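In case you want the letters, here they are:
There are 2 protein chains.
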Amino acid sequence: MRQIHRLGTHLLIELAGCEAEFLNNEEQVSEALLQAAVEAKATILSSYFHKFHPQGVSGVVVIAESHLSIHTWPELEYAAIDIFTCGDRVMPFVALRYILKKFEHDRYQTVEIGRGYPKANATNKFELVASG
Amino acid sequence: MRQIHRLGTHLLIELAGCEAEFLNNEEQVSEALLQAAVEAKATILSSYFHKFHPQGVSGVVVIAESHLSIHTWPELEYAAIDIFTCGDRVMPFVALRYILKKFEHDRYQTVEIGRGYPKANATNKFELVASG
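So the sequence lines, in the order shown, correspond to chains U and D.
Mapping of the first sequence onto our numbering: position 112 corresponds to residue 242, and the numbering continues sequentially without gaps.
Mapping of the second sequence onto our numbering: position 12 corresponds to residue 142, and the numbering continues sequentially without gaps.
Just chain U, same shape as in the assembly (with noise of 0.2 Å):
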C-alpha cells in the first residue's frame, strides 16, 4: 500500500481477441473511446487520434477530470486503454464497463492505480508491480 492522499483513479485496461477491423478503424476507435468519456460524466476538453500504417491507431481524450487514452495492435487483436479521473463526480468504472462492452474480446486484465501526492513521512520509492 502506497503512502498518498488519493487524488484519482486510475483504470490501465488490457484487452484481448479484440476484432482486428475495430481496432483499426479509426473513427471507430475514437468514437468509443470519446463515448466512454460521455459515459463517465467526464467533460471533454480536447481530443486526438492518430492511424498508423499499415495498421494500428493511437489516441487520446483530455477531460476536466484527467485523460483517457489508447493504443491499438489491429495485428496482436490487442488495445492497451487508460481511464484516469479525478474527483467524486465522474464515473471511471461506468466507462471501463462501457469499454469492455463495446470492444469484443476474449479476456481482459485491469489494473486499478489509486493516483495522489505521497504523504509528508512518506519515503521515495520506486515499486514494480503487475509486470507481466
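Treat the hints as calculated values from the structure; they're not laboratory data.
There may be inaccurate statements among the hints.
Which copy is meant is left open, because identical chains are indistinguishable; a pair holds if it fits in one copy or across any two.
[As the list claims (entries may be wrong)] Straight line, CA to CA, 25 Å or less: simulated SDA-like cross-link-like pairs of lysine to any residue:
1) Lys255 to Gly138
2) Lys181 to Val168
3) Lys231 to Glu169
4) Lys249 to Val259
5) Lys181 to Ser160
6) Lys255 to Glu157
7) Lys171 to Phe182
8) Lys181 to His135
Model, not experiment: these values are computed from the prediction.
Add chain D to chain U, keeping to what the hints say.
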C-alpha cells in the same frame, strides 16, 4: 504477476512538494513534458496542454510509441505524470530521470506496470494495486 505478453512499460509517477509556480506555468510544464519525450528518444506525433483557472495544467504528448501525460495541482504542490512507451528503442527510465531532475520535488512515488495482452489461458482479472 499478471499473465501477459509484455509489449510496453508504463511508469506512473507521483511528485510532491513541487514548486507551485512551476506547476501552474503551462509553458514550463509543456516544455518539460515534451523534452522528456525527446530525452526518451520518442517520436512526437502531437501534444496538447490546457491551463485551468485559477490553477493547474493538464497535458498529453502522443508519441509513436504510446504517450506521456501530466496533470498538476499547484495548490497541493503535486503532479501526476505518466510515461507509457512501447518497443525496445525508446527509454522511459531516461525520461523518468529527466522528470525527477526538472521538477523540483520533496518526494515521489513511482509504479511500473508492464503493458501487454493477456495470454491465451489467462482469466479475466481485476486487480487493485498500489491503492494508497
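The hints, checked one at a time:
no., hint, in the structure
1, Lys255 to Gly138, "both (19 Å within a copy, 21 Å between copies)"
2, Lys181 to Val168, "both (22 Å within a copy, 21 Å between copies)"
3, Lys231 to Glu169, "within (12 Å within a copy, 38 Å between copies)"
4, Lys249 to Val259, "both (20 Å within a copy, 18 Å between copies)"
5, Lys181 to Ser160, "both (10 Å within a copy, 24 Å between copies)"
6, Lys255 to Glu157, "neither (40 Å within a copy, 29 Å between copies)"
7, Lys171 to Phe182, "between (30 Å within a copy, 19 Å between copies)"
8, Lys181 to His135, "between (38 Å within a copy, 23 Å between copies)"
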